[in-house]
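Chains A and B supply the protein sequences, listed in that same order.
All residue numbers for the first sequence refer to the working numbering, where the first residue is 3 and numbers rise by one.
All residue numbers for the second sequence refer to the working numbering, where the first residue is 4 and numbers rise by one.
No lab work stands behind these hints: they were computed from the structure.
Among the clues, some could well be false.
Unchecked claim - Computed, partial: chain B to chain A, Cβ under 10 Å:
(1) Thr45
(2) Val130
(3) Ala146
(4) Phe149
(5) Leu166
(6) Val214
(7) Phe269
Quick caveat: nothing in here was measured; it's all calculated off a predicted structure.
Yeah, the Cβ is synthetic: ideal placement off N, Cα and C, and Gly gets one too.
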Amino acid sequence: MNALTTRISAGSRARSARRRSGTITRVVVLGAIAIAFISPIIFMIVTSFKTRADATAIPPAWIPNPISVQAFASILAPGTATPVLQWFANSMVAAALNATLVVVTASLAAYPLARMQFRGKNFVFVIIVATLLVPPVILVIPNYLIVSELGWLNSLVAIIIPTAASAFGVFFMRQFFVGLPIELEEAARLDGANRFVIFMQVVLPLAKPALATLALLAFLGNWNDFLWPVYVLFSPEIQTLPAGLSTLQSANAVRYDLLMAGAVVASVPVLALFIFLQRFIIEGVSRSGVKG
Amino acid sequence: MSTKVGERALPMGRARRPSASDPESQKNRGVRAGTRRQGIATPWLFLAPYLLLFGSFVVLPAVLGVWISLHSWDYTLPNKPFVGLDNYVALFSPGSTVFGPFWGSMRATGIFTVLSVPLLLIVPLAVALLMSRKFPGRDFLRAIYFAPYVLGVAVISVLWRYLLDNNIGLVNHYLGLLGLPDDTAWTTTTPAAWVALVGVTVWWTLGFNAVIYLAGLQDIPIELYEAARVDGAGPWMQFLHVTIPGLKPILSFITIITLLASANMFGQSYLMTQGGPGRETRTAIYQIADAGLRNFQMGSAAAMSYVLTVFLMAISAFVFYIFREKQPKKLKKEVRS
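Make the full structure from the sequences, and use the hints.
The structure is reproduced here in structure tokens:
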């Protein structure tokens, strides 16, 4: 993208003057849209610090007065029918374990698909990639039965394991491995290292950015997953945050102070990850599209 | 698991310093060395953990679903008699109890898809075009557009139900200040509910599509634009004859993932409108999940999911067909002309 801009700026002077005013318009338009885009999120955070009455006051205030942590205190208190703190812990555990499982299984599976010749390789790869186009809905009903057979209904295991079969992860890691220079692996092999040692000690260290991206995307996906937890988790203390928000909403239809506090609790970890690791996430998404 | 992989693969590394006479290294010389020489079991040991998950929770359910759909499968009843294609026949018989709810939900999914997909293809492209040239703060703006997407459907739906509340919501308040009607019941009447569901979804996922477009725009060689300019093409002609053809592979990708995502809409409707008013915004996924996992009519719900899938596959195939090849030739020709 740098090459693109440098070449553009190497254009004629007259055009660049016109372009500078174009850039200003562009930044103003994009800035205005950006403000409109971010303001609902800001208002969510603002409302979570309002009192019950202020949360529904007209006109709506953009600065809470007084600043109240009552909503948080109320939803985070132990022993309620909507144990938000427990949901937070559940979501953390589920998303972390799910992301770990995705990264481990997908990178292991992707390596031979990128670097080894063996019978059945193309078949396996085509089947895996083909499932990317299969609508997940056809898996929901039968997976419910499978999970029920395994005794995982109403347990976090149901949120952690079935969704870890990430076809996207295998595809994503394979593309990355294919793009790595092969010389280091060859050198390690001449030194007598076996495939697994090469994978662990040569390939994985090079793949850290891709592994981090995949882990982040898997974590976000699991943290935000909604339909599956809503149906396979029933007990209040076993919910994840998105499923819990649904419970919170039906229990407190117009207690918007509580709902916004719950929504903020559900957003803080993913927003923090996004703010600090934005590059990995956005790069991961844009690379997923450039598969050609 | 990991030690086992190591042990099994170990004997394959036996040729420490391959000599020219070693038949194995002979074989390697012509071939890309990195893709050769391992035991038959080695690749499968790498694949095993993933394939175990993939087989259990993707392949098995895909097959099991067909089996379920051929039975009168009520999760709560001991007997699940084989009924052949009855579940499918019922879905296509106007007199049956499942006909109305199912096709009503397919209609809702259709309305949502038809309204949201064009917006989700065009608006993010416009944003990506505005952002395709570097300027100060570009990465920051890109992050802001993307931010709603990381929040997840539950958060954004609960948030927007608040903002769209017809009495105390921000949206109606500001519409009132602009002199527009300030009492629209965004979540309980149609067509307002469709505007709300589509608008919220566009807000939520615009950044995702824009980021993919942006990557695609940066892959278009700048020379094509220069050549077009030399030939006297204005911005609009450049867009039509350079940008659009250059984006074609990305366009087909975005069209398909957006179509599939819209056709799988569930959370927004579940949390913002509860499928209402009546069942009007109850989407196919909502109907399938509820029929199968709330009312445990799993045979019928599985049949519904296959009917929906056939629709989606047909649409995806159609999109592939529209975008298929011919762009390389066209691209060159149009730039020259």
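Each hint tested on the structure:
no. : hint   : in the structure
1   : Thr45  : holds, 5 Å
2   : Val130 : holds, 7 Å
3   : Ala146 : holds, 5 Å
4   : Phe149 : holds, 6 Å
5   : Leu166 : holds, 6 Å
6   : Val214 : holds, 5 Å
7   : Phe269 : holds, 5 Å
Checked against the numbered hints above, the structure breaks none of them.
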